[in-house]
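Here the structure of chain X is known, so what remains is to put chain E in place on it, guided by the hints.
Number of protein chains: 2
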Amino acid sequence: MHDKLIKYIKKYVALTPGDIALIEETFTYRKLEKGELLLKNEEICRHQNFVLTGFMKTYNVGATGKEHCILLVPFERWASDLNSYFNQVPSTVIIKALVDTEILQLNKSSFDAILDKSPAMERFFRKMYQDALCAHHKKIIDTLMLSARERYINFMKNYPDITQFVSLKDIASYLGMTPEYLSNLRRQKLYK
Amino acid sequence: MHDKLIKYIKKYVALTPGDIALIEETFTYRKLEKGELLLKNEEICRHQNFVLTGFMKTYNVGATGKEHCILLVPFERWASDLNSYFNQVPSTVIIKALVDTEILQLNKSSFDAILDKSPAMERFFRKMYQDALCAHHKKIIDTLMLSARERYINFMKNYPDITQFVSLKDIASYLGMTPEYLSNLRRQKLYK
Numbered sequence: 024m025h026d027k028l029i030k031y032i033k034k035y036v037a038l039t040p041g042d043i044a045l046i047e048e049t050f051t052y053r054k055l056e057k058g059e060l061l062l063k064n065e066e067i068c069r070h071q072n073f074v075l076t077g078f079m080k081t082y083n084v085g086a087t088g089k090e091h092c093i094l095l096v097p098f099e100r101w102a103s104d105l106n107s108y109f110n111q112v113p114s115t116v117i118i119k120a121l122v123d124t125e126i127l128q129l130n131k132s133s134f135d136a137i138l139d140k141s142p143a144m145e146r147f148f149r150k151m152y153q154d155a156l157c158a159h160h161k162k163i164i165d166t167l168m169l170s171a172r173e174r175y176i177n178f179m180k181n182y183p184d185i186t187q188f189v190s191l192k193d194i195a196s197y198l199g200m201t202p203e204y205l206s207n208l209r210r211q212k213l214y215k
Numbered sequence: 024m025h026d027k028l029i030k031y032i033k034k035y036v037a038l039t040p041g042d043i044a045l046i047e048e049t050f051t052y053r054k055l056e057k058g059e060l061l062l063k064n065e066e067i068c069r070h071q072n073f074v075l076t077g078f079m080k081t082y083n084v085g086a087t088g089k090e091h092c093i094l095l096v097p098f099e100r101w102a103s104d105l106n107s108y109f110n111q112v113p114s115t116v117i118i119k120a121l122v123d124t125e126i127l128q129l130n131k132s133s134f135d136a137i138l139d140k141s142p143a144m145e146r147f148f149r150k151m152y153q154d155a156l157c158a159h160h161k162k163i164i165d166t167l168m169l170s171a172r173e174r175y176i177n178f179m180k181n182y183p184d185i186t187q188f189v190s191l192k193d194i195a196s197y198l199g200m201t202p203e204y205l206s207n208l209r210r211q212k213l214y215k
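Sequence lines, in order, name chains X and E. Just so you know, we're using my numbering here: the first sequence kicks off at 24 and counts up by one. Just so you know, we're using my numbering here: the second sequence kicks off at 24 and counts up by one.
So that you can see chain X by itself, here it is in the shape it has in the complex (with noise of 0.2 Å):
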């Protein structure tokens, strides 16, 4: 059960038996159902939670009730409200499960305990952290500097299979567009 995030992990840093025996212990598993929510508005974010199989989408919905698309989670990503996790406040997205969806788990005291007894974890995170944060920079400059139609083809080159998962509303809604731009992008067949 514990074999993709461990392999997940291999990839940034060698791994011992004794922390491969720790990970198996303190990350739990959870099934969750298409369209439960695994965080809810205003909810303590309790969990850094590994996507294994499915898809998951965190948003927030705004004073006029519209949605807003945070972030899409496909396996082998991470779902959770950091902000919330490591400062113990309110949750200020909701995480839903956008299929059937599993996950595993690592709550704070765990996360606090495997970084103090594995110098390998405590480095993982590190590099995790730093690659999201290389991430989200590139999303900033995306927006900034590509057309809708280029951040579109982008995007579809990276997750040709998404719409099996994601509707197009949150896909509009991710990338920064109506429903409507997105549907007109999406006749010009232009990812192929």
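Hints were generated in silico from the structure; no laboratory data involved. Being a predicted model, the structure only gives us computed values, none of them experimental. Any given hint might turn out to be false.
When chains are identical, the list treats them as one kind, so a pair holds in a single copy or across two.
Unchecked claim - DSBU-like, lysine-lysine: derived pairs with alpha carbons at most 30 Å apart:
(1) Lys33 x Lys140
(2) Lys34 x Lys54
(3) Lys150 x Lys34
(4) Lys150 x Lys162
(5) Lys180 x Lys212
(6) Lys140 x Lys30
(7) Lys131 x Lys33
Below, chain E without anything else, positioned relative to chain X:
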């Protein structure tokens, strides 16, 4: 010269005399004059830069020649293009000193070496990147959930002296509003 950085790091982790000696050997001092570029567009970012005194901004210039202010960096904050630094790819931002500015710089090979030698520094960077991710998340949520007026009030509460260092044009760009709208908000003296 390294006292401010050491004090800053100690907010995150305890340091041994050996760690402190390493920091003093590894981070190098540089002074920039007002208007000087620390990083040019498409140059590879060779350093993580800790601001000791002064003020910097990171920005880029769109296809139409319009400047987008991405980050405002006061003293005791970091100014770098991490994606360029870690992946050795051309930078997508420009970093400029807005006033005379002093920094401490850490190049990539020194970064790798200090993390191999000091578990405290590995933990420091993990925690610092973690905080940076939380701050990014908060900025995304604020942009979605708060009005321009609320974002401006919060910003001025956090940085009451900022207009000494940063032009109104840059503040408007950073907050995602037009300079005219910012001028209108300022006339209302909302934050006093």
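Consistency of the hints with the structure:
Both within a single protomer and between protomers do lysine 33 and lysine 140 lie at most 30 Å apart by alpha-carbon distance, with minima of 17 Å and 21 Å respectively. For the identical chains of this complex, lysine 34 and lysine 54 are intra-copy neighbours only, at 25 Å inside a copy versus 38 Å across copies, given an alpha-carbon limit of 30 Å. Taking identical chains as interchangeable, the C-alpha atoms of lysine 150 and lysine 34 lie at most 30 Å apart whether they share a chain (10 Å) or sit on different chains (21 Å). Taking the shortest Cα distances, lysine 150 and lysine 162 sit within 30 Å of each other both inside one copy (18 Å) and across copies (22 Å).
Only within a single protomer do lysine 180 and lysine 212 lie at most 30 Å apart by alpha-carbon distance; the minimum there is 12 Å, versus 48 Å between protomers. Taking the shortest Cα distances, lysine 140 and lysine 30 sit within 30 Å of each other both inside one copy (20 Å) and across copies (26 Å). Taking identical chains as interchangeable, the C-alpha atoms of lysine 131 and lysine 33 lie at most 30 Å apart whether they share a chain (22 Å) or sit on different chains (22 Å).
In terms of the numbered hints stated before, the structure departs from none.
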